[in-house]
Structure formats: C-alpha cells, structure tokens
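> Please construct the entire structure, taking both the sequences and the accompanying hints into account.
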Amino acid sequence: MRIPSRWCVGVWCLFGPVIAAESLPPPLVQPVGVLRAVAAEGRGNAAAGPAWTQVAQAGAPAIPALLTAMDGANDYALNWLRSAIETIAQREALALKTVVAPVEKFLRDARHHPRARRLAFELIRQADAAKAKALLPEFLNDPGQELRREAVQHLADTAAAKVTAGDKAAAMTDYRQALAAAREADQVEAIAKQLGELGEKVDLQKTFGWVTRWKVIGPFDNTGGAGFEQAFAPERELDFAAEMPGQGGPIRWRDYESKSEYGLVDFNQPLTALKSVTGYAAAEFWSDSARSVEVRLGCKNGWKVWVNGTYLFGRDEYHRGVEIDQYRLTAPLRPGKNTILVKCLQNEQTEDWTKEWEFQLRVTDAQGTPIASSK
Amino acid sequence: MKVSSVAGPSSRICRPARLALALACALSLNLAADDWRQWRGPLGNGVAPEAKLPAKLDAQSIAWAIDLPGRGLSSPIIVGERVFVTATTGVKQDRLHVLCFNLGTGALRWERQFWATGRTMTHEKIGGAAPTPASDGQRVYAFYSSNDCLALDFDGNLVWFRGLGRDYPNASNSLGMSSSLVAADGVVVAQVENDSESFTAGLDALTGENRWKLDRPKKANWTSPTLLQGAAGKPLVALQSSKGLVGVDLVSGAVVWNYSEGASTVPSTTVSDGKLYVPSNGLTVLEPGTGAAPKQLWRSAQLRPGTASPLVLGSRVFTLNDGGILSCGDIADGKRLWQLRLKGPFSSTPLAAGGLLYCVSEKGVVQVVDPAKPEGEVVSELDLGQEILGTPAIAGGSLFIRSDRKLWRIGRASSL
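In order, the protein sequence lines correspond to chains A and B.
Take the position in the first sequence, starting the count at 1, then add 11; the result is the number in our numbering.
Take the position in the second sequence, starting the count at 1, then add 564; the result is the number in our numbering.
What the hints contain is simulated information worked out from the structure, not anything from laboratory work.
Be aware that one or more of the hints could be misleading.
[What the hints assert, rightly or not] Residues from chain B that face chain A, not an exhaustive set, calculated with beta carbons under 10 Å:
id	residue
1	Trp724
2	Gly740
3	Ser816
Glycine included, C-beta positions come from ideal geometry on N, C-alpha and C.
So, in structure tokens, the structure goes:
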C-alpha cells in the first residue's frame with residue numbers, strides 16, 4: 012500500500028477503510044477524510060466546506076477513488092462525497108468517458124456501498140447511455156435497492172412487451188422472475204397484478220412475508236396520549252398466562268392470526284373499536300442463527316417495538332398515514348426463539364379516517380428480502 | 565418598523581418599496597431590487613414592490629418553459645440572473661434536487677442531487693419538495709419534507725448539509741412537511757413541527773450548525789416562518805402553530821412575545837406595515853409592541869383563508885378559500901368589502917404586482933385580478949394545463965411558475 016504521508020494515514024485510519032487510501036491521489040486524502048468525518052447536528056461541517064471545495068476541484072480520473080471513499084461513510088458524508096463527484100462529472104463531462112472502464116469495474120463489485128455503486132451507474136449512463144442500458148439486467152438481484160429496482164422495472168417492461176406481442180408464456184416467466192427479485196411494495200403489487208391478469212394469482216401475504224401469528228392483549232389506557240410513556244405489564248414481563256388489569260377490568264392474552272394479504276394486525280377485531288386505548292401484540296420468531304435483521308413496520312397509530320426485551324423505537328404520531336415498510340428498525344436475532352413485542356396505541360379522534368387501530372410487520376434482510384420464522 | 569397611515573391606490577407601489585428597503589436593511593437581507601429570495605418574495609408577503617407584470621396574459625406571454633426532472637410544489641426563488649428550483653425524484657421521493665437556471669433563457673446552469681436522510685413518506689399531493697428554498701444573497705438554502713437542509717453557493721458548491729430528520733429521528737410527518745425557510749442575519753430558520761419530535765431550529769448560515777433549537781407544540785404544522793422587525797429594530801421571526809403565534813429573536817432564539825389564541829396549521833401569517841395578519845379564528849390582525857403579547861386590532865370570521873395565505877396590498881387584505889372565493893377586506897377594521905369567484909380550487913398563495921393580483925389555481929389557470937374594480941374583476945387568464953400547487957415568484961418583470969413537470973417564465977419579451 013502506498014502511504015502518502017504519516018498524517019494522512021492517521022486521518023484515513025480514523026475515518027475510513029484502508030482500501031481507499033491506496034487509490035486516492037495524495038492531495039485528496041486529507042480533505043476526503045474531513046468529509047467522511049461529518050456527523051450528526053452539523054459536526055464537522057465547518058471544516059467540510061473548504062475540504063469539499065478541494066475535492067470538487069479534482070479531475071475526472073479521481074472519480075473511481077472518490078467512489079471507493081464512499082464505502083463505510085455515514086449518510087451525511089455520502090451526500091458530501093456524492094455532490095463533489097457530481098460536480099466533477101458535470102464540469103468534466105467530456106473526460107468522463109475516459110473513466111468509464113474503472114467506474115464500471117467499481118460498479119460490478121457488489122462489496123462497495125450500494126449508493127456509491129448507484130452513482131457509478133449514473134455516471135456511466137451520463138457518459139455512455141447504451142452501456143448503462145446493457146448493464147442494467149445484471150442488477151436484477153443486486154444488493155443495492157436503487158439498482159435492483161431499475162433492473163426489475165426493465166424486466167417487467169420486457170414482460171409487458173411480450174404480452175403485447177402475444178407471447179403470454181414468455182411474459183409470465185419474466186414476470187415471475189421480476190416478482191422474485193422485486194423488494195419494494197409498489198413493484199410487488201404491480202407485477203402481481205400483471206400476473207393476475209394473465210391468470211396467475213400471487214399470494215401477497217406470503218410474498219411480503221408478514222408475521223401473521225400473534226398473541227394480543229388490551230385494552231390498556233391511553234387517555235390524552237399518556238399510554239405512550241406508561242409501561243404497562245407486557246413491557247415489564249411477557250407472561251402469556253397472566254391476567255392483568257386493563258382499562259375496564261382484568262384482561263388476558265389471546266391468540267390472533269392475521270388473514271389479511273397485507274398482514275394487518277387489527278386490534279378492533281378482538282377488542283372492538285375503542286378510543287384512547289393501548290394494545291400489545293407479541294410474536295415468537297425463530298432464527299437458525301445469530302444475525303442482524305430489519306423489523307419493518309407499517310402503522311398509522313402510536314407505536315413502540317421491542318425485540319427480545321430491547322426497545323428499538325417508538326413514535327407518537329396518529330393517523331397521518333401508513334405504508335408498507337414505513338419504518339425500518341435494525342435488530343439482532345439470537346439463535347432459537349426470539350420475541351417481538353409491539354405496542355399499538357389508539358387516540359381519542361373520532362373522524363372516519365381515525366378508526367384504524369392496527370399495524371403490519373415483517374422481518375427482512377437489509378435489502379427487504381422477507382425472512383420467515385424457522386419454526 | 566414605522567407604521568404608515570393607510571394609503572390610497574396611488575401609493576400602493578411606492579410604500580411597499582420603502583418598506584422592502586427598510587425591512588431588508590433591518591434584517592440584513594442584502595436585497596437586490598429585483599430578487600425574489602424566499603417564499604412570498606422580499607417582504608415575505610407576496611407583494612413585488614416594484615415589479616410590473618403584464619396585465620393581459622396569453623400564450624404569447626410565455627417567455628420560456630422548461631422541463632423539470634422531478635416533483636415539487638416549492639416556489640422558485642430568484643437571485644440576480646439565477647432561478648433556483650427544488651424537486652424530488654424516485655418512487656419514494658428520496659432523491660433531492662437543486663436546480664439553477666438562467667433567468668433570461670431558462671438554460672440549466674447546474675444541478676445537484678442528494679440522498680434524503682430522513683423519512684420521505686408524504687401524502688400524494690405534497691411530495692418531497694414542498695418547502696421553498698431561501699437565499700440571503702450569499703448562498704441558497706434548500707429544505708425538503710425529509711427535513712434535509714443544505715446550503716450551496718451560487719455556483720452549486722456545497723457549503724453544508726444537515727439531515728435534521730436523521731439527527732432527530734422522530735422529527736417527521738407521515739403526511740409530509742412543507743414549512744419554507746427564511747434566511748437573514750446569518751441564521752436560517754427551519755420549522756420542523758410535527759406530532760412527535762417538534763422543534764424549530766435557527767441554523768448558522770455558514771456551517772448549518774444549530775445556533776438555537778426551540779421546542780415547539782407537538783402538532784403537525786405546515787405553516788412557514790415570517791420575518792419581521794421587532795422593538796428597537798431587533799430582527800424577529802414569527803412562528804405560527806395550532807397554539808397561536810410566537811415572536812422569536814432571530815439571532816438568539818428567545819421568545820419575545822406570544823399570542824396564544826390558536827391559529828391554523830396550513831396558511832401562514834402575513835406581515836405588512838408592522839402588522840401581522842394571522843390565520844387565527846378566521847383572520848386576526850395583531851400589532852406586536854414591547855409587551856409580552858401583541859395587541860389585537862381586529863378579527864374577522866368572514867376573511868378566513870383556505871390553504872392560501874393572506875395577501876395585503878395597500879389598504880386591502882385579500883384571502884382565498886380552497887374553492888376559489890377571493891375575499892377583499894379593509895385593513896382598517898376587517899370589514900369584508902367584496903367577494904369574487906375565481907376558477908378554483910387553490911393551494912398556492914396569490915401574489916401582487918403593479919396593483920394586480922396573480923392567482924394560480926390547482927388546475928393551472930393563472931388568473932389576473934384587478935382589485936381596484938368595485939367588486940374586483942378577472943382581467944385575463946392563462947391556462948397552463950398542468951396541476952400547480954406551488955406559489956409563483958416574481959422577478960425580471962415576469963412571473964415564474966412551477967408544476968411537477970415544468971418551470972415557466974411568464975412575461976412579455978419586452979420585459980425580459
């Protein structure tokens with residue numbers, strides 16, 4: 012490894028992987044380190060402004076190394092680096108063609124940051140649109156969602172053209188492949204609809220991979236929204252056999268299985284349509300190994316989520332909207348049995364659009380691939 | 565700010581011009597005569613003091629129209645020869661764009677893109693680029709529903725980036741955020757008010773760091789801050805919420821006065837002649853002084869605004885409801901003088917120039933109203949044929965209007 016200077020190595024070791032220091036031009040090592048050091052609440056911004064100017068003055072040949080410098084960067088730093096690369100690419104639009112080969116090499120290496128690889132793809136498209144179009148099908152199962160999404164859409168468009176051409180069988184093959192690769196809800200729904208029109212019903216509940224078997228309990232109180240902060244019995248101990256005091260008297264856990272295509276756990280069903288109340292739902296989730304997962308939640312009520320007793324996140328917003336994968340929470344699973352606990356709160360509003368007291372939840376990998384309980 | 569007596573029609577242009585200059589000096593806005601640096605322009609009230617726009621609009625009035633890469637209902641802002649527009653793209657509206665166009669030709673000077681770091685979910689009608697950017701004459705500051713906020717110099721060089729939705733992870737609204745920025749005296753004010761982690765921040769214009777951060781009512785709020793001059797010339801920003809309106813020291817973030825009788829969370833307060841026209845209990849007019857609460861001058865239920873914010877022109881105040889009824893009131897006592905039905909519905913706020921009102925409906929119909937007529941009168945219309953939700957801008961003798969797909973410059977060739 013070529014070491015530009017002792018000081019620069021120090022900076023880089025603090026802020027990033029050594030892989031990038033090999034290829035960054037020496038004058039860029041320090042300012043890139045400064046950009047990678049930006050943090051929450053604007054920390055590092057004062058130094059980052061001048062550093063950005065230095066980086067953005069680099070020539071097009073520096074672009075592959077700058078893309079590499081995005082590996083491991085936080086979301087703030089990614090934007091600083093992205094805009095510097097973009098500025099270089101716009102200023103040196105003609106020279107961009109000369110770095111297409113190394114940028115393509117970078118793009119093909121899926122170990123790099125998904126966003127850096129997406130930017131690499133866009134740079135190639137800027138320099139050579141035909142090459143980018145030809146590359147697109149390669150990303151059908153890419154770990155980067157932006158690349159994958161475009162490849163899925165490309166395949167779905169191909170399928171649609173085959174439908175138009177009367178080749179239904181080939182179209183269905185393409186649609187099935189696109190569906191298997193799709194990770195975003197709108198694409199899943201659109202492709203499932205196309206397959207439906209061709210006579211093949213898609214099991215959306217299975218495709219999305221919702222957690223459908225729960226135990227639920229309620230109602231506890233949520234008058235004036237106070238239930239959000241109040242730790243009712245299920246937050247202190249999960250004892251599914253216990254009877255505990257609820258809002259209107261003693262209550263017990265009961266089994267609940269969602270039959271909804273969208274995995275909705277609707278507290279209004281077992282508990283009736285109540286207001287100013289709190290409910291809990293708990294599910295066992297079995298894992299073959301210790302791993303990190305995403306717990307993806309959609310909920311228009313107030314909510315909190317715990318995994319194995321560890322609080323992940325909560326939100327006291329009511330009836331502003333819901334969508335699939337609205338909230339993405341990272342959680343560690345341990346081998347064997349894990350427990351997911353969801354607190355779902357209903358407020359006092361009485362308008363028609365405030366009757367929902369429900370949530371949907373699935374466990375996925377970072378790309379959104381559903382993970383099923385192993386038991 | 566000096567309070568002038570109520571003026572007649574002949575002084576409608578010259579008095580706002582004087583006020584613009586006074587406010588600019590007081591707030592260090594570094595104001596150029598023809599700039600439109602924030603939502604509702606130099607005075608933050610929708611009045612272009614010196615602009616003369618064509619009264620009669622037709623297809624020939626369109627100087628240029630260019631395609632935009634993404635959605636948005638933010639207003640364009642104009643600094644010198646540059647027109648800045650924000651937009652978002654992607655199915656999740658998570659790619660944030662800042663575009664800089666040439667005022668004269670509409671040619672793209674540069675574009676920058678960023679990845680949203682906060683939540684991007686919004687109601688379909690709002691989208692990610694709802695807040696209007698602002699400039700203090702030194703930089704352009706862009707803000708998005710994801711609560712990402714950034715500063716660029718006029719050549720597109722990044723000065724700072726903040727992910728306020730990442731810094732404060734419960735600061736978001738699942739319907740979308742739309743509060744526009746104001747920037748003056750080295751401070752950029754970002755109103756991040758929602759049902760959960762609700763605050764307003766005064767960001768350092770040079771670094772984006774928090775100069776101050778004020779806890780705000782936990783209630784979704786789509787209104788925008790309004791700059792005004794406080795006692796002894798102190799620059800203030802008025803923050804509206806469901807609770808009412810507070811006057812906040814722009815530099816320190818200290819609350820100076822408080823009006824606590826509730827206010828709308830959609831249309832924003834308009835400042836004119838030192839008085840605040842607040843969408844509160846209909847329309848309430850306040851006059852801040854040195855006390856802890858502003859003096860209430862009058863209140864009118866008949867002048868209740870819809871989504872559009874009030875507009876004050878000379879001795880008249882105008883409000884527009886969502887359906888398209890334009891109401892004209894007397895600023896002296898709030899008495900409603902007349903109503904005029906326009907072609908609605910409306911989301912954007914009307915602007916005023918040359919004694920005329922320019923109102924753009926959601927269906928894309930620009931309607932020019934002469935308010936000096938006894939009952940008001942629509943003197944011309946131009947149908948742009950696209951949904952338009954954002955408030956236009958005025959500069960260079962032209963109106964700048966954007967949709968999700970286009971940016972138009974509307975003004976006769978002679979005014980270019």
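> Taking the hints in turn, state whether each one holds.
Hint-by-hint comparison with the structure:
1. Trp724: holds (4 Å)
2. Gly740: Because about 9 Å separates Gly740(B) from the closest Cβ in chain A, which is inside the 10 Å limit, the hint holds.
3. Ser816: With a minimum Cβ separation of about 18 Å from chain A (threshold 10 Å), the hint on Ser816(B) is violated.
Hint violations for this structure: number 3 only, all remaining hints satisfied.
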